[in-house]
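Letter by letter, the chains look like this.
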Amino acid sequence: MNLSTKLTIAALLMSGVSTQVLAQQQTVTVMAYAGLFQERYTKAVVEPFMKANPGIKVEYFPMPNSAQMLGTLRAQKAAPQADVVIMDVSVSKAATDEKLFNKIDEKVSKNVADLYPNARIPDVDGVAVTFDNLVMLYNGDTVKDAPKSWMDLAKPEYKGKVAIPGMPDIQGLSLVLIMDKARGGTDYLQNVDKGITALGEIAPNVQTWEPKPEVYPVIISGQAVIGAGWNARAQVNADTSGGKLKTVLPQEGSVFQINTINYVANGPGKDAGAKFIDYALSPEAQKAFTESMFYAPTNAKAQISEAAIARTAVKSMDKVIPVDWIALAKVRDPIMEQWRRKVIPLSR
Amino acid sequence: MSAATALAPALPPRRSRLGLIVALLAPIALINAIGFLAPVLNLARMSFYEVEPTGAMREVYTLATWAKMVTDSFYAELIVNSVSVSLGITLLTLVCSYPIALYLHRSTGTWKTILLVLVISPLLTSAVVRTYGWIAILSDSGLVNNSLGALGLPPQRMMFNLTGVTIGLTEILMPYMILALLAGFGRLDPRIEEAASTLGAPPFTIFRRIILPLTLPGIALGCLLCFVLAVSSFITPKLLGGGRVFLLATEIYDQAIVTLNWPLAATLSILVLVIFGGALVLYTRALRAIL
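Taken in order, these protein sequences are the chains called A and B.
Residue numbering for the first sequence follows the working numbering, starting at 1 and increasing by one per position.
Residue numbering for the second sequence follows the working numbering, starting at 349 and increasing by one per position.
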């Protein structure tokens, strides 16, 4: 055999091998939040997953919010384009009821067994992948004495300086629930009158109920100086603003916001989707993302650095008021009604 | 060949002319059917779907959403509020744009071109960017309040309320109003004004008796256009309203994107279409009365 024949055979073998690799190459499409979440999640979870699974390529499909993800899932019901979706738990419940997902249990990922009990939500096909919580935000340059209570938002010195993402956003709703509990409310599913009264006391101070594009830059820029927002984004913004944005978990406590990971029924990536979900729920992925963006982990076995865990609500679980978001959805309309009639008019 | 046969192709028989009209109208009719009519019908159908409190939508028909709209006084307030706010903004836009349009109509040559470009140029920037511009101007430490402070006057809350929405939308709608007014100023002839002046009419009488009546078609067109744009705009009210200004368009956004009640969003959208229909009827009536 001469050299050229050998080379030809080698080339043929090589091409055979590479087509085999190509045939094994799978793609998982992950639909999740755009912006900061995409940037951090790609680095902390998606890239390490692809490194560990060279045969699987992950396409990150960014969406501005959960509602638009649901819209996309509805539109593609006949031929889904996504395999995995990360979205808010209430929206996940709607998608579950519309039979858009496969149930995630121990058969899909053994890591499900290690999740905290509140990460497995009854009648929702997905499971929690991140926990976030409402925190009070303030501009450290203007506000010298660190606030301690949510009711500090009603102090006269903050007149016209408060920014709160109001209802129907769940941040406004969360604040109603927290204050209702603090003022002796017993069952938010029955009534939240006390919470609405408390918000009515804060309302005259409010500059905007729709801080845009988000509450964080509004407070960093000094347009408003104090307000409410989600912990994870606030922590990242606190770092990027050089410490200008400060956060505090007030004495009345907070509530969790839950992002679930969901397995789309009949997705194009088949089992590769389950592999990604398994990795996303693993202690290492949970650790990496918490240390990158300060969402509290949902896997009890995740060994997270002290520095990162101190910046989540994990160490103050006694302050976290349990909320059943699914049951709450049923009474959201009447609460919204009270918000419009009893809170907004006081802020004009 | 006789002259008659030579002319024949230029004047085809009635039937083939009809065919030509149909052929020419078909593409736009098809685009409208696919791009407008089908989605609107789909929206109408969705407004009758059943929705669960969680936002899950079932393809079961119900009148619940429409019933809620009729019985809940909030929606009646919303409609009255949206229409009156939009009418107010349209009127303000007209008052601000009319003198500019009149001046533009009368200017000539390069000057006219320069002015026209200046009027149109805001349209090259998106409404979002222009609205953020207004936030910079109207905020508590913005240009206006700083100037007021320098004059020793107390600061005013000029945004995150109806004032902010009105100022922002008026500026955003002005180019449309000016262009519509210009398009409708065709009948305005300086010689008629000169004749009135020669006969001793004072300027205000000339305006009231000659200029205003002759520019009414432009006013009607501009008002229709701006009213429709004002009712359907949601970015500016969202950014400048601060969550205090409840309008149909912002409510549709909230219901579709935040609360996930698509049937309610669809019902409200159909309602907006009905309001547009009403505006169009009024416009045609007004036009008939003017001409």
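Hints listed in this document are in silico derivations from the structure and should not be mistaken for laboratory results.
We put the beta carbon where it would ideally sit given N, CA and C, even for glycine.
Any given hint could turn out to be false.
[Said to hold, decoys possible] Taking lysine-lysine pairs in the BS3-like style, the calculated list, with each CA pair at most 30 Å apart, reads:
#: 1; chain 1: B; residue 1: LYS460; chain 2: A; residue 2: LYS342
#: 2; chain 1: A; residue 1: LYS107; chain 2: A; residue 2: LYS342
#: 3; chain 1: A; residue 1: LYS99; chain 2: B; residue 2: LYS416
[As the list claims (entries may be wrong)] Which residues of chain A face chain B? A few of them, derived with a C-beta cut under 10 Å, are:
#: 4; residue: THR42
#: 5; residue: ALA44
#: 6; residue: PRO48
#: 7; residue: PRO165
#: 8; residue: GLY172
#: 9; residue: GLY222
#: 10; residue: VAL314
#: 11; residue: LYS319
#: 12; residue: PRO322
#: 13; residue: VAL323
#: 14; residue: LYS330
#: 15; residue: ASP333
So, going through the hints one by one against the coordinates:
For the proposed pair LYS460 of chain B and LYS342 of chain A, the alpha carbon gap of about 53 Å is over 30 Å, so the pair is violated. A hinted pair counts as satisfied when its Cα atoms are at most 30 Å apart, and LYS107 of chain A with LYS342 of chain A does not qualify at roughly 48 Å. Taking the CA atoms of LYS99 of chain A and LYS416 of chain B, the gap is near 27 Å; set against the 30 Å cutoff, the hint holds. Because the closest C-beta pair between THR42 of chain A and chain B is about 24 Å apart, greater than 10 Å, the hint is violated.
Interface restraint check: ALA44 of chain A against chain B, minimum CB-CB distance 27 Å, threshold 10 Å, status violated. Hint status for PRO48 of chain A: violated, given a least beta-carbon distance of 32 Å to chain B, over 10 Å. Here the hint on PRO165 of chain A is kept, as its CB sits about 8 Å from the closest CB of chain B, short of 10 Å. Among the interface hints, the one on GLY172 of chain A holds; its C-beta lies about 9 Å from the nearest C-beta in chain B, closer than the 10 Å criterion.
Evaluation of the GLY222 of chain A hint against chain B yields a held restraint, the C-beta minimum of about 8 Å falling below 10 Å. Interface restraint check for VAL314 of chain A: the shortest CB-CB distance to chain B comes to about 28 Å, outside 10 Å, so the restraint is violated. Interface hint at LYS319 of chain A: violated, since its Cβ lies 27 Å from the closest Cβ of chain B, which is beyond the 10 Å cut-off. The beta carbon of PRO322 of chain A comes no nearer than 19 Å to any beta carbon in chain B, farther than 10 Å, and the hint placing it at the interface is violated.
Because the smallest distance between the Cβ of VAL323 of chain A and any Cβ of chain B comes to about 15 Å, over 10 Å, the interface hint for this residue is violated. The restraint placing LYS330 of chain A at the interface with chain B holds, with a minimum CB-CB distance near 4 Å, inside the 10 Å limit. Interface hint at ASP333 of chain A: satisfied, since its Cβ lies 7 Å from the closest Cβ of chain B, which is below the 10 Å cut-off.
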